[in-house]
Amino acid sequence: MQAGVITGAGFLGNDRRNLIDILDADFRTVASLGLTHNKIAETMEKFRKHAESGLGEFISIAPHFEARIDAVRGKLPCPFEDRGLISKTSIMVKNLFLKKEIIYTDMHIHLINIHGFYQGKRSLFRLDPEIIAEILEIIPG
Amino acid sequence: MNAVFLHITIFTALACGLALFMIIADFFIGDYGQAVITVNNSKKLEVEAGSTLLSVLKGQKIFIPSACGGRGSCGLCKVKIISGAGDYLATELPWISADEKKSGIRLSCQVKVRRNLEIEIPESLFNIHEYRARVESIRNLTYDIKEIKISLPEEEQINFKAGQFMQIETPVYELTAQPVYRAYSIASSPGQKNSVEFEIRLVPGGICTTYIHKHLKIGDTVTLNGPYGDFFVRPGQKKIIFIAGGSGMAPIKSMLADMVLQKNTRQAVYFFGARTQKDLFLTDEIRTYENRLAFRFIPALSSPEPGWKGESGLITEVVDRYIQNGPEYEAYLCGSPGMINACVSVLVKKGVSEKEIYFDKFG
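As they're listed, the protein sequences go chains A and B. Take the first sequence: its letter number 107 is residue 107 in the numbering used here, and every next letter is one higher. Take the second sequence: its letter number 326 is residue 326 in the numbering used here, and every next letter is one higher.
Be aware that a few hints might be false.
Facing chain A, a subset of chain B residues (Cβ under 8 angstroms, in silico) [claimed, not checked]: (1) SER73; (2) GLY205; (3) ASP279; (4) GLY307; (5) GLY310; (6) LEU314.
Below, simulated PhoX-like cross-link-like pairs (lysine-lysine); rule was C-alpha separation at most 20 angstroms, straight line [unchecked claim]: (7) B:LYS80 / B:LYS239; (8) A:LYS75 / B:LYS78; (9) B:LYS278 / B:LYS238; (10) B:LYS355 / A:LYS94; (11) B:LYS112 / B:LYS58; (12) B:LYS238 / B:LYS263.
Hints in this document: simulated from the structure, not taken from any laboratory. None of these values were measured; they are calculated from a predicted model. Cβ atoms here follow ideal geometry from the backbone N, Cα and C, with glycine treated the same way.
All chains should be modelled from the sequences, with the hints used to inform the complete structure.
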């Protein structure tokens with residue numbers, strides 16, 4: 001989790017809370033949105049699949065999204081020490097209606113889906129669940 | 001109850017104290033002395049023991065590929081160790097397959113040199129050097145791709161095969177607290193010995209591409225090492241299909257320049273996929289090869305704007321339309337894993353032998 005172990009910036013940022021408290025706070029936020037970690041991860045995965053069909057270029061997704069998938073060399077292990085390695089693949093989704101965009105990686109999808117982990121506050125790659133839900137327009141149910 | 005708690009506390013304190021003592025002892029008085037590393041059963045290197053194999057070899061000017069600066073997070077720095085390495089560390093195991101484990105493959109960034117070692121590395125690694133070089137020029141190719149030309153010191157030259165890549169160091173700056181290396185394909189001709197060019201696409205939030213796009217200036221000194229990789233045109237007579245998208249242009253451009261240099265007469269066709277006109281770059285330069293080689297350039301746009309007279313559709317669709325008699329071809333692909341996978345499927349369907357499809361897949 002710490003800077004310089006798996007990634008240069010680590011996964012916790014300057015968050016001084018215990019990991020369990022970080023997970024708990026995000027769980028509460030997700031619940032207050034009427035969502036689950038799985039639902040959020042599923043939607044991120046759905047945009048990823050659409051983006052993949054663009055073969056590295058932006059692709060339009062109805063009703064008002066664009067998405068592109070990028071990859072760089074290398075793979076990362078999960079900080080929770082799950083088996084296997086995760087490709088350094090990033091997905092950029094633009095919500096053209098809201099004029100907002102979000103970038104996430106395969107690691108984000110894995111961490112949210114399996115561990116309910118959105119990373120510590122001010123971590124370089126933290127994604128707030130409410131921001132993911134807003135930009136990807138994830139609705140309860 | 002209190003007695004149990006007291007015993008646990010004492011035991012924990014003793015264990016912590018012992019661990020702390022060992023760390024301090026290792027730091028201050030840990031002297032492993034000299035060790036001999038025998039490379040490929042011939043070369044013997046006398047080295048100071050105590051550091052990782054990766055850094056010890058680097059000190060001997062032997063550069064093992066590593067994209068993470070030795071933190072065990074890229075899995076690139078594999079070497080075969082015949083003897084002297086000790087047990088596998090937990091940090092190595094995710095990267096090592098069962099077959100690799102049987103043959104003694106290790107992550108050189110995780111193995112500490114504590115005694116004599118026997119290792120095997122590919123001979124090609126002896127051609128890898130580290131350069132401290134100067135940024136000669138920076139040019140915008142598109143809104144998110146820059147061409148960087150780096151001049152080596154006057155007394156130094158680089159020998160590489162068209163299609164290979166180098167690693168560029170990003171120094172400490174606001175996005176990274178320690179230097180980080182990333183790999184980029186060389187875009188220039190192997191005939192150009194005193195400088196190298198790269199075409200680098202901005203990855204939003206990416207540590208190295210952000211540095212290169214937002215901070216790197218003409219005149220800056222950069223550290224880079226290489227060349228690496230086995231993506232290069234194989235000798236033969238078959239017709240060649242090149243396919244690329246985005247910054248995947250770089251190695252293909254280098255290969256075309258090398259074909260001119262070698263007076264290569266093989267027929268070749270190059271499919272370059274982009275979304276719109278503003279994602280295309282270097283088209284005029286690539287078209288000049290149509291007069292110098294038995295070569296055709298086919299840029300294709302997936303979302304062309306009105307007025308576009310070239311090919312339209314996903315690059316896979318365009319390849320599918322153009323390629324007949326697949327067995328006559330071999331193919332060289334560079335781009336995202338999704339693009340490569342989709343193109344391999346199409347090429348195999350058209351009859352190109354899977355064994356003759358070579359690619360540089362990012363990821």
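What are the numbers of the hints that this structure violates, sorted from low to high? Numbers 4, 5, 7, 9 and 10, in rising order.
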